[in-house]
Amino acid sequence: MAKNGSPATTIAVFTLAGIALLVLTLLAAWYLQSPAPSAAAAPRAGIDSVAFDAEPLSPLPQSVALDADKVALGAKLFDDPRLSRDDSIACATCHPLDHAGSDGRRTARGIGGKVGAMNTPTVFNSGFNVCQFWDGRAASLEEQAAGPVRNPAEMGSDWPEIVGKLSQDRFYRNAFGHLYAGGVSAAAVRDALATFERSLVTPDARLDRYLRGDKAALDERESRGYRLFKDLGCASCHQGINVGGNFYAGLGVFGNFFGDRGKDAPEDQGRYNVTGQETDRHRFRVPSLRNVARTAPYFHDGSVPTLEQAIRLMGKYQLGRDLSDDEIGLIAAFLETLTGNYQGRPL
Amino acid sequence: MSVREIPRWIWLAAGLLALVLLLVLAAGSLSDARRIAAANNNLAALDQQQAKLSENVLKLRYGLISNYDGINQLVAETQRASAALGAEEGAIAAKGNARIDALYRQYTAALKEHCDHVERFKSGNALLKNSLHYFPRAVEDVQHGLPRDGGGQALSERLGDLYFATLRYGTGADESLSGAVADGIGGIRNDAERLPPPRRKEVLNVLAHAEVILHYRPAVDALTQQIVFPATTPLVRELGRAIQDDALAGERLANRFRLGLAALAGLLLFGVSLSLLRLMRNAQQLEDSHRFMDRISENIGDGVLATDKDGAIIFANREAARLTGYERAALLGKNLRDALPGSSIWQTQYAFGIIRSDDEQLRRSDGSVLPIALVHATIHEAGQLGAVMAFRDMTEVRARQKDLQLAATVFEHSPYGIMVTDGAATILRVNPAFRAITGYGEGEVAGKTPAVLKSGLHQADFYQNMWSSLRDEGQWKGELQNRRKNGNLFPEWLSIRAVKGKHGDITHYVGIFSDLSEHKESERRLEYLANYDTLTGLPNRVLFQDRLNQAIAHMGRGNRILALMYAGLDHFKVVNETLGVDIGDALLKAVAGRLLAGLRDTDTVCRLSGDQFAILLDDVRNVADIASKAQAVLRAFERPFEIDGHVLFTSLSIGITLAPLDASDAATLQRNADTAMFGAKELGRNTLQFYSADMSARMAEALRLENGLRRALEAGEFALHYQPQWCLSSNRVVCVEALLRWTSAEFGAVSPTSFIPVAEKCGLIVPIGAWVLRTACAQVAAWRRSGDADVRVAVNLSAVQFRQTDLVDLVRGVLAEYQLEGRQLELEITESVVMEDVGRSIATLNGLRALGCEIAIDDFGTGYSSLNYLKQFPLDTLKIDQSFVRGLGSNSDDAAVVNAIVSLGASLSLKIVAEGVELDEQRSFLENLGGQANMLLQGYHICRPVPADEVAAFLGRSQTRQ
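Residue numbers (this note's numbering), protein chains in the order written: chain A, -19 to 327; chain B, 2 to 963.
What the hints contain is simulated information worked out from the structure, not anything from laboratory work.
Quantities reported herein were computed from a predicted structural model and do not represent experimental measurements.
All C-beta atoms in this analysis are idealised placements derived from N, C-alpha and C, irrespective of residue type, glycine included.
Do not take every clue at face value.
[Unchecked claim] Below, a sample of chain A positions facing chain B; criterion: calculated Cβ distance under 10 Å:
#	residue
1	Asp211
2	Tyr228
3	Arg263
Work out the full structure, taking the sequences as your base and the hints as a guide.
Quick look at the structure:
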């Protein structure tokens, strides 16, 4: 009578242990025999997409590859006023998609009728901007979302509050539960919103067709306007796929814009507010000119009501030239060709 | 698991632990290597991106590309790659590689600066490009608006020079042109002072743009230089080398682990194989040992059970299953107590050590109880207590033991002497009876031969016969004489049996003998018991019969007389009843003694039954001798017996018959003696009576009378006559005595003195008495109703009647039946009857008196009444026996007796009835006395007994006569 059961059991245990050990040993040997990591790196894809291109502007893609479910979820969140403290304001309140993604006001109006200091930029094509906000304080759309949400003058809420509210919604619980590992969370909400916003592309502007080779897409005035736009050096700054939005430039190179108008408020300090460097004072992210004809008023503080005025001011302070009405007309005509389509319809 | 094997377990465990540790470490170094590889990939990507960036920046600077989307993308990718690198670096740095950590910090700082440079390049380049784009148009516009004069022309030329210098400077790489541009700007500014304001403004705008170009071109070039040859590049390469070094170090470490792992695995494999081998060998040994143990336990012939510390059965062999009647599977796992209920086997469960018990029981599955022997051993298994029990069926052993015990008991307690010898007749064992018979104990004869008992009376050939018989037949039986230890000879009945062994040789002799001397004694005793009366020691009826027969036979040969006497002890019954059987027995013994004392030795005295003795007088010469001998016996009884403080008077009634005069056969003689003895008793006891033929005739007559009496009641042959009693004081008849008359169809009128004793003897007196009582009462009631007479009726009660327990009830019933008062009935009882059992008589008399009846003592004076008793009886009347009255006038003794009785009656306030008054002088004598007492006269002188219808007539006559 062995203490540890019958001899047969003991033998079985030992045999199993032996086999397990053998397997373990073989596994370990195989694992360690796998080739050591090589220092040689494979070439990275993507760099070739930057093609040689003399044109300062490039066309928008027809569509962007995105997770359709996240886009749909983001669209719902975009329209959901629960993202504001008093459930009164949604993203779409200030970025109405049927209104070129911008509120048309000089500056934004938040909860309780509070009025902000900055003009609302359009949400369309914002995914092509190199950074977000006039002063570029958000490197991505995900970061951007936190701005209006937490701004007391805008939505005046915070993430825990929003997550709490959304978590009570069965739809959101299901949707986030399906799409995100952590369910409803601040990061997931931001991701969904950003994904949706990246889908807000307005392709097929006439200029884009022109750039793609359809020279008839622009009429003679518009063509002249485009040439003037380039000759005057506008395209030095308003360039690339988004016709701007890809770097920072100072306002008032050939004149003191803020001095001349006698107002130099904190919101006018631009990127200086972000970096604190003197060289960044009055520097703003170059605004995208896509759909610019639909996004009046203009400038960071919405202080310029018309496109012509904006063009005139740009000529004066950025070129040191008083543009003629004819020139302004041509440029304005050109800018009209930057208006694209959203969901097949012109903005 | 033995103690020797424990270290191997530890080794194995330690080996496994080391293996796991090595695997973990190897995996750790491996994951490091992976991270390093990833980091290397990132570094390479960064390098490439930097190259692309440099290319793009140069293209932008020289106008080959006109938008920033490309470099923006490159910067973003660079930032992503460096962030990824940071994550890898973080993991590597966490390992404590300070060199990599420091390099990475430097790199991130340089990268930030690099990105800053790119940003500043973008702004500066935009401005520079803006001015360079606009500059030709601005110059043209100014030139176009200048006057066509000399001054205008000169300015235009200067502007033209500035234009080329500025454009060359701005788009080219010629640093030397900066002086020319600056000079041109200064010259034109001076000239512009002279121009009209609108033109001047335009010129100044051109100059401003030229200044922008002049100013921004070196700045942008510097930035371009910095971007194309960034500080990050050497750092990236340095980082790559550092990481490579780290990876190599990790690889070396991993190699060492791998080696160690392989070695350890081999070692473990070897160890495990070794252990397995040994284990298998052990298992085989264990199995062999198990099989061996199983074979032992199955063939041991005992039931074996083993229990664990809780008493649960963990082992049971086949025999255990067979003995208990349960399947082995049904036993295993069960608690012993539950598995074998009602067995004593488990009661030793908690005992320690080894216990042996031959007296346990096992209740089998079918409920039968098996006697078993049990060996119970506590076992220590791994520090816990268990038990092993071996048990066997003791049924046969027990039975054998019982047989042996029985044999031993027989040996010990046998009344026969038993002697066991070996084959050489040397005594081994003798039993207590041997000692009792021979006087030799076992110690005295063991080792000797039976020759110690030799009497010397038997010849040598006697013993030779014995031995040859034993040899040939195996046994010998016979009677022989032996000698006891005390030298006495004794006869014995000896039976010897030879006990043979397996091979037919004689191993033992067993001799059993009985002491015949004792046997003969008991034979005598039995004979005595059969022939003698144990109480008196006299021969009993059996021996008497024998002697009588012998005497008759003896008598026939000579001319002799044989006398047979039956002697009955008078009133012995009274002694027995009043003083007890013990006294009675003592009296009988004393009587026997006196009988023997008065006779010769040759005479035989026997006790026939209770109080009856027989005396056989053999060889007597004449009848007178016999009579005198009988008289002597009677005289011997005149002396009282003193028994246990009691002085008892008793007497004999002796009947005598003679042979061959009366009869010559035993039966007739005995009957004759019996008849004669009853004759003597009837003669009043204490007397002797010779048998006569007349006596036999009377006996025959009595038989016939008895038969007649049996029919008389039914036949209505009885009648009552009444004899009046004349009261002297009231001079009238107050009572009539009912007297029974029988007129038999066979015998005619029969006297009451003839048939009453017969009726009493055969018990017919009871119904006859009842008839008398009822008839008398009916008559009195009739007289009262008719008014003929108002008298009391006196009815005689016989002794038998008086002793009937329901007498009082009978009387009460009759009185009630005829609506009579008790005082109208007088019951007469003889003195001797009353005296027979005084206590009972008093009770009966009281019962009758309670009914109101009057009690009269009949025939007073003939018995021997105790006056003391007389006082106690509830009496009303004494009737003087007529024998006394008859003598009145002639016999003075009788007169004295009568006188005394009358006085007695007066003193006791009793009425006196004088019976048998027949003569005048008797009457007058009584009348003289009558004044003293309440006296009544009865007799022929007054009136003879008459039938009922004549009574009334007499009464009427007597009233008138008086």
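Hints, one by one, checked against the model:
Taking 10 Å as the C-beta contact cut-off toward chain B, the hint placing A:Asp211 at the interface holds, the least distance being around 6 Å. Using the Cβ-Cβ criterion of 10 Å, the hint placing A:Tyr228 at the interface with chain B is satisfied: the shortest such distance is roughly 6 Å. At its closest, the beta carbon of A:Arg263 sits 7 Å from a beta carbon of chain B; the interface hint therefore holds under the 10 Å criterion.
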